[in-house]
Amino acid sequence: MENFIAQLISGLATGSVYALIVVGMTLLLLARGVVHFGFAYIVVMTAYLGWLVLGLTGNNLFISVPAFIIIGIILTLLTEPLFRPLAQKRAFLETLVLGQGIAIVLTDVCSQFINYGRNIPFPAALTAGGARLRFGVIYFTLADIYVLVGSLVVVLVLLYFLFRTKQGRAIRAMAQDLDIARSLGIPFNKTGVIGFAVAGTLAGISAILVAMTLEMASPSLGTAFATKALVLMLFAGMGNLTGAMVCALGVGVVEVLSQSFLPGRWTDAVVFGTIMIVILLRPNGVFGAKA
Amino acid sequence: MVKKNNILTVQNLAVSYGHIQAIKKVDLAVDEGEFVVLIGSNGSGKSTLLNTLLGKIHPNRGSVFFMGKDITRWPTENIVASGMSVVPEGRGILPLMSVMDNLQLGAYHVKHDISNELRRVFNLFPILEERKKQMAGTLSGGQQQMLAIGRALMSSPKLLLMDEPSLGLAPIVVNLVYQVILDLKRSGQTILLTEQNARKALKYGDRGYVFDLGTSVLCGTCQELSENPEVCKAYLGG
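Heads up: the protein sequence lines correspond to chains A and B, in order. Each residue of the first sequence is one higher than the last, beginning at 1 in the working numbering. Each residue of the second sequence is one higher than the last, beginning at 1001 in the working numbering.
Check the hints yourself; a few may be wrong.
Unchecked claim - Below, a list of computed lysine to aspartate or glutamate pairs in the DMTMM-like style, where the Cα atoms sit at most 20 Å apart:
#1 Lys190/A <-> Asp177/A
#2 Lys1056/B <-> Glu1032/B
#3 Lys1024/B <-> Asp1212/B
#4 Lys1069/B <-> Glu1034/B
#5 Lys1158/B <-> Asp1070/B
#6 Lys166/A <-> Glu1077/B
#7 Lys190/A <-> Asp179/A
#8 Lys1158/B <-> Glu1077/B
#9 Lys166/A <-> Glu1117/B
#10 Lys1158/B <-> Glu1032/B
#11 Lys166/A <-> Glu1032/B
#12 Lys1025/B <-> Asp1070/B
#13 Lys1069/B <-> Glu1032/B
#14 Lys190/A <-> Glu1077/B
#15 Lys1185/B <-> Glu1032/B
#16 Lys1056/B <-> Asp177/A
#17 Lys1056/B <-> Asp179/A
#18 Lys1133/B <-> Glu1117/B
As the list claims (entries may be wrong) - The calculated label-pair distances, taken between Cβ atoms and stated as ranges, are:
#19 Val97/A <-> Met1067/B: 42 to 48 Å
#20 Met1067/B <-> Arg90/A: 32 to 38 Å
#21 Met1067/B <-> Arg84/A: 27 to 33 Å
#22 Lys1111/B <-> Phe261/A: 55 to 61 Å
#23 Asn1012/B <-> Asn189/A: 29 to 35 Å
#24 Val109/A <-> Gln1021/B: 49 to 55 Å
#25 Leu96/A <-> Gly1068/B: 55 to 61 Å
#26 Glu1032/B <-> Gln88/A: 34 to 40 Å
Quick caveat, the hints were computed from the structure, so don't treat them as lab data. Even for Gly, the Cβ is constructed at its ideal location relative to N, Cα and C.
Based on the sequences and whatever the hints tell you, model everything.
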């Protein structure tokens, strides 16, 4: 039983990372009406570059943690002008192709130029090195707790931004009706850029959390995250923020649990198989699409 | 030569969507405190004119002067920021956002605290205050129109544009809406309004223009227009 609860926490932590990535992608969907398939790869690239910063600064967290976030913002903002003309025309298929292109470029950079394509290990300074906390008879890793609490704070701040600030309102307005938003004088370019910048911040934070939960990163991680994130968005209902978060947490838990109870390669099959069945039954997603 | 209290001047305007010449030649002016109406049937260019004024589409000939400045090539956000607000055709509210959200969006370009503007709108439309947390899509047609007007007022606009405010509303609601518009005019608001419902527009407006196939064919005081036999035949049911 204790084992189960520890697994549950671990699963929730993993799920939180997926949740943040999906939230970032959903934000971009709201801000620009695009599915940014390259976003998860930006998270991985940020993790790689952050790893370089850690190496260069001798694992200095005061420099590296902000660096992760700044790198995430810069990388995401760099892709904004690429998506802008497509966003104006609401060219859905083209955005998927663009996202895939970004994905290929970023994966190649990671596998050709950084650490000779080998996996990169993250130092204990960042991951709390497997340190455990004990609560009664249950052990959790410190990293998992940081990740859970951190994600929760980030999500709450993001929700505050979206629902209680002028810019957040503007992003939601543009997502609902571009024409009316325009008539209200909401600036198309500036609002989209702000959306990308906020998503970039999420990318940076996600990169840190990936480092903490997995303690490593590999070039193929981008594909794993991107696929899961896209599937999660479809599964929960496109644009449905809270639904996506709940589903992401669920997937995280299912993943970790099936890893311990099923032979290795079956984990993905269980996760995607379940999702497949649900989508067949409810094509609009479990919670329904919004926007 | 633009007069000191001139709010809007449109000169020799021509606007096309691709190959379709939606506006062939329009000249008009609105001075401060005036309530000017544009009447004309569907497709006569009224909505195109409002979209051009807002900078959503750029003319291929002619110019638009707002508060003495040439705004012909300005982007929409700058035009709205300089004091032009619109109540779009069909209300144009954001149905999935709350009443309060919609109102706050109307004040997107307002730099100062908006509690005064909110108070003013709530005094004009108490029902909006009652339902401020409700999703705008759940309001009735008339209430949505109130919301759209309230939203446009949040920025204390120098020029309020209204695109067919009576469209899709029951007659009793239309009367209410025009009462509100009249009150706004009396408090000094400059208004430019388009209508297919010529009767209502000419009854309440100061001056009017008649649009036909993209051209402003007639203008005069609303009194003159409503007595004009051609106008009567074409728009007022003989």
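Hints versus structure:
Restraint check for Lys190/A and Asp177/A: the C-alpha separation of about 16 Å stays at or below 20 Å, so the hint holds. Using a Cα cut-off of 20 Å, the hinted pair Lys1056/B and Glu1032/B is violated, with the two alpha carbons roughly 24 Å apart. Under the criterion of a C-alpha separation no larger than 20 Å, the hint pairing Lys1024/B with Asp1212/B is consistent with the structure, at around 10 Å. For the given pair, Lys1069/B sits about 19 Å from Glu1034/B by alpha-carbon distance, which is consistent with the 20 Å threshold.
This hinted pair checks out: Lys1158/B and Asp1070/B have alpha carbons roughly 16 Å apart, not beyond 20 Å. About 15 Å separates the Cα atoms of Lys166/A and Glu1077/B, which keeps this hinted pair within 20 Å; it holds. A threshold of 20 Å between alpha carbons decides the hint, and for Lys190/A with Asp179/A the separation of about 16 Å falls inside it, so the pair holds. Between the alpha carbons of Lys1158/B and Glu1077/B the distance comes to roughly 15 Å, so the proposed pair stays at or under 20 Å and holds.
With a C-alpha separation of about 16 Å, the suggested pair Lys166/A and Glu1117/B falls inside the 20 Å cut-off, and the hint holds. With a C-alpha separation of about 8 Å, the suggested pairing of Lys1158/B with Glu1032/B holds against the 20 Å cut-off. Restraint check: the Cα-Cα separation between Lys166/A and Glu1032/B comes to about 31 Å, which exceeds 20 Å; the hinted pair is violated. Our distance criterion of 20 Å between C-alpha atoms is met by Lys1025/B and Asp1070/B, whose separation comes to about 18 Å.
Taking the CA atoms of Lys1069/B and Glu1032/B, the gap is near 15 Å; set against the 20 Å cutoff, the hint holds. Note on Lys190/A and Glu1077/B: the hinted pairing holds, with a Cα-Cα distance of about 10 Å set against a maximum of 20 Å. Between the alpha carbons of Lys1185/B and Glu1032/B the distance comes to roughly 10 Å, so the proposed pair stays at or under 20 Å and holds. Taking the CA atoms of Lys1056/B and Asp177/A, the gap is about 14 Å. The hint holds against a cut of 20 Å.
A C-alpha spacing of about 9 Å is found between Lys1056/B and Asp179/A, which places the hinted pair at or below 20 Å, so the restraint holds. Under the criterion of a C-alpha separation no larger than 20 Å, the hint pairing Lys1133/B with Glu1117/B is consistent with the structure, at around 18 Å. Checking the proposed 42 to 48 Å range against Val97/A and Met1067/B shows it holds: the Cβ atoms sit about 45 Å from each other. As the Cβ distance of Met1067/B to Arg90/A is approximately 34 Å, the hint placing it in 32 to 38 Å holds.
Checked against the hint of 27 to 33 Å, the pair Met1067/B and Arg84/A passes, with Cβ atoms roughly 31 Å apart. Evaluation of the 55 to 61 Å hint for Lys1111/B and Phe261/A yields a pass: the beta carbon distance comes to about 59 Å. In this structure, Asn1012/B and Asn189/A meet the distance hint of 29 to 35 Å, their C-beta atoms being roughly 31 Å apart. Checked against the hint of 49 to 55 Å, the pair Val109/A and Gln1021/B passes, with Cβ atoms roughly 51 Å apart.
For Leu96/A and Gly1068/B, the Cβ-Cβ distance of about 48 Å falls outside the hinted range of 55 to 61 Å, so the restraint is violated. Against the hinted window of 34 to 40 Å, the Cβ-Cβ separation of Glu1032/B and Gln88/A comes to about 36 Å, which satisfies the hint.
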